[in-house]
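Note that the protein sequences, when read in sequence, are chains A and B.
Counted from 1, the first sequence has number 45 at position 45 by my numbering; the numbering is strictly sequential.
Just add 78 to wherever you are in the second sequence, counting from 1, and you've got my numbering.
Be careful, since some hints might not be right.
Within a straight-line C-alpha distance of at most 16 angstroms, the following computed EDC-like cross-link-like pairs (lysine to aspartate or glutamate) qualify [as the list claims (entries may be wrong)]:
#1 Lys-59(A) <-> Glu-37(A)
#2 Lys-147(B) <-> Asp-296(B)
#3 Lys-365(B) <-> Asp-26(A)
#4 Lys-458(B) <-> Glu-476(B)
#5 Lys-62(A) <-> Asp-296(B)
#6 Lys-147(B) <-> Glu-113(B)
#7 Lys-458(B) <-> Glu-477(B)
#8 Lys-365(B) <-> Asp-31(A)
#9 Lys-130(B) <-> Glu-183(B)
#10 Lys-130(B) <-> Glu-113(B)
#11 Lys-118(B) <-> Glu-153(B)
#12 Lys-62(A) <-> Glu-274(B)
#13 Lys-365(B) <-> Glu-23(A)
#14 Lys-198(B) <-> Glu-153(B)
#15 Lys-196(B) <-> Asp-319(B)
#16 Lys-56(A) <-> Glu-74(A)
#17 Lys-62(A) <-> Glu-153(B)
#18 Lys-196(B) <-> Asp-206(B)
Partial selection, computed: residues in chain B whose CB lies under 10 angstroms from chain A [claimed, not checked]:
#19 Pro-251
#20 Leu-479
#21 Thr-480
Everything labelled a hint here was simulated from the structure, so no lab data went into it.
Keep in mind the model is a prediction, meaning the values are calculated, not measured.
Positions of the beta carbon are idealized from the N, C-alpha and C atoms, including for glycine.
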Amino acid sequence: MNEHQETFEQSLARLDEIVRHLEKGDLPLNDSLSLFEEGTALIRRCGAMLDEAEQKVVKLRKGPDRQPQELPFEDDNQ
Amino acid sequence: MNGERPILSVTQLNEHIRDLLDADLLLNDLCVRGELSNYKIYPSGHHYFTLKDSESSLRCVMFKSSASKLRFRPENGMSVTVFGRISVYPRDGAYQLYCSGIMPEGVGDLQIAFEQLKQKLAAEGLFDPAHKKPLPPFPRTIAIITSSAGAAVHDMIRILGHRWPLTKVILLPVRVQGVEAPPEIAGAIRYANEFEIADLIITGRGGGSIEDLWAFNDERVARAIYASRIPVISAVGHEPDVTISDYVADCRASTPSNAAEIAVPDQNEVAELLRGYEIRGGQAIHKQLAQLRERLNSFQQKRVLTDPSASIDNRRISLDYSRDRLCAAQERILAGKQQAYVRLASSLDAMSPLRVLARGYAVAEDDAGDTVKSAGQLRKGERLRLHFADGRADCRVEELLTGEQK
Numbered sequence: 001m002n003e004h005q006e007t008f009e010q011s012l013a014r015l016d017e018i019v020r021h022l023e024k025g026d027l028p029l030n031d032s033l034s035l036f037e038e039g040t041a042l043i044r045r046c047g048a049m050l051d052e053a054e055q056k057v058v059k060l061r062k063g064p065d066r067q068p069q070e071l072p073f074e075d076d077n078q
Numbered sequence: 079m080n081g082e083r084p085i086l087s088v089t090q091l092n093e094h095i096r097d098l099l100d101a102d103l104l105l106n107d108l109c110v111r112g113e114l115s116n117y118k119i120y121p122s123g124h125h126y127f128t129l130k131d132s133e134s135s136l137r138c139v140m141f142k143s144s145a146s147k148l149r150f151r152p153e154n155g156m157s158v159t160v161f162g163r164i165s166v167y168p169r170d171g172a173y174q175l176y177c178s179g180i181m182p183e184g185v186g187d188l189q190i191a192f193e194q195l196k197q198k199l200a201a202e203g204l205f206d207p208a209h210k211k212p213l214p215p216f217p218r219t220i221a222i223i224t225s226s227a228g229a230a231v232h233d234m235i236r237i238l239g240h241r242w243p244l245t246k247v248i249l250l251p252v253r254v255q256g257v258e259a260p261p262e263i264a265g266a267i268r269y270a271n272e273f274e275i276a277d278l279i280i281t282g283r284g285g286g287s288i289e290d291l292w293a294f295n296d297e298r299v300a301r302a303i304y305a306s307r308i309p310v311i312s313a314v315g316h317e318p319d320v321t322i323s324d325y326v327a328d329c330r331a332s333t334p335s336n337a338a339e340i341a342v343p344d345q346n347e348v349a350e351l352l353r354g355y356e357i358r359g360g361q362a363i364h365k366q367l368a369q370l371r372e373r374l375n376s377f378q379q380k381r382v383l384t385d386p387s388a389s390i391d392n393r394r395i396s397l398d399y400s401r402d403r404l405c406a407a408q409e410r411i412l413a414g415k416q417q418a419y420v421r422l423a424s425s426l427d428a429m430s431p432l433r434v435l436a437r438g439y440a441v442a443e444d445d446a447g448d449t450v451k452s453a454g455q456l457r458k459g460e461r462l463r464l465h466f467a468d469g470r471a472d473c474r475v476e477e478l479l480t481g482e483q484k
């Protein structure tokens with residue numbers, strides 16, 4: 001799931017690059033079209049990531065060996 | 079002389095005076111205003127100082143047990159109110175004020191402590207903007223260091239989830255008030271760094287009195303934030319509350335909810351950004367296609383493409399023209415050659431044997447038809463044929479004379 005985040009940041013950077021290239025309009029049509037396809041696929045993938053994302057919340061406890069242990073976070077207020 | 083007056087020892091007198099003073103209600107629970115001077119802290123931990131005004135002074139002592147509760151550092155010249163009781167120190171026969179607390183005049187003691195720590199840490203460079211780390215634009219994991227009870231943590235988790243559910247939230251529960259709070263907060267910050275459990279830390283708590291927020295004015299917390307390699311957002315209390323943590327942190331949020339808003343992007347805005355890219359990309363492609371189509375159209379309007387026979391006609395004309403030029407050139411060349419031929423022929427003619435014969439010479443041939451070029455070739459009685467310009471004569475050699483015989 002951590003890779004997701006990398007992907008997201010990288011995807012946005014790549015999208016920015018793609019759109020700039022396309023807006024320059026100096027590429028051969030075939031290259032433009034394949035860039036456009038790549039961009040559309042990135043946009044779809046990013047959108048899907050956001051749509052499918054489910055927030056993960058954990059509580060951390062220091063284990064007996066000092067190593068972090070993740071516990072489910074329950075609402076202490078309720 | 080003495081009458082009934084008892085004779086007292088010094089100790090007895092001092093103790094008597096002490097008993098008198100100790101029995102006085104006012105002297106047992108005093109508030110005295112004055113200015114601190116000659117302030118000394120002994121290795122024992124006891125504080126000794128003089129409280130004075132323009133006309134008189136009062137010796138004071140504050141034992142370690144009371145002094146350790148001071149939240150600011152008393153300084154000479156400070157206007158203060160001192161609490162305590164008057165009693166006698168029998169060894170010196172001097173009365174002094176046994177001080178249980180000191181309150182700075184005007185501002186509260188916490189305010190003084192806050193200003194003092196702020197100045198100290200600022201001088202050390204802990205608030206230096208150059209030291210502040212940028213926050214990750216898309217944090218993978220956020221460590222929240224706060225109380226697991228209370229509204230603050232729930233507000234933060236809710237807002238983080240709404241805005242950017244891709245980020246994992248790890249809560250490190252700590253106490254946020256009381257004497258245990260500062261070491262727990264500082265320890266959690268160090269722990270998060272040691273195990274690299276997050277790429278962003280939010281520490282703070284919801285609103286409260288200045289005492290409630292005090293842990294975030296603690297030097298240990300400030301130093302832990304400063305030492306953190308993971309960027310830290312400080313989120314303490316409400317908008318007007320500013321703590322030392324706020325100054326040290328890489329980013330100050332006005333409230334815990336505000337911290338959650340700063341920490342992650344809003345997925346709606348990102349979706350908007352994605353749509354923007356989609357639109358721009360689509361427009362760019364359409365523009366390129368339109369430009370290509372326009373170029374195509376301009377080609378199509380040229381006569382070559384609209385009327386192919388025109389091009390053929392043109393080419394035919396140009397072919398005819400070329401052919402004419404070719405013919406003319408050929409004729410010029412032929413004429414030149416012809417002239418050269420005539421010149422050559424006339425010079426050939428000049429050298430012709432026929433012309434020689436015409437001048438009166440004859441050529442002799444033997445029987446074999448070979449030209450006779452020397453008398454030595456011939457024998458007596460041999461036949462010869464003489465060619466003249468206008469005919470020939472067959473002859474016989476009657477006599478041969480060669481060389482000197484001639």
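Problem set entry | Hints the structure fails to honour | Hints 1, 5, 6, 17, 20 and 21 contradicted; others consistent.
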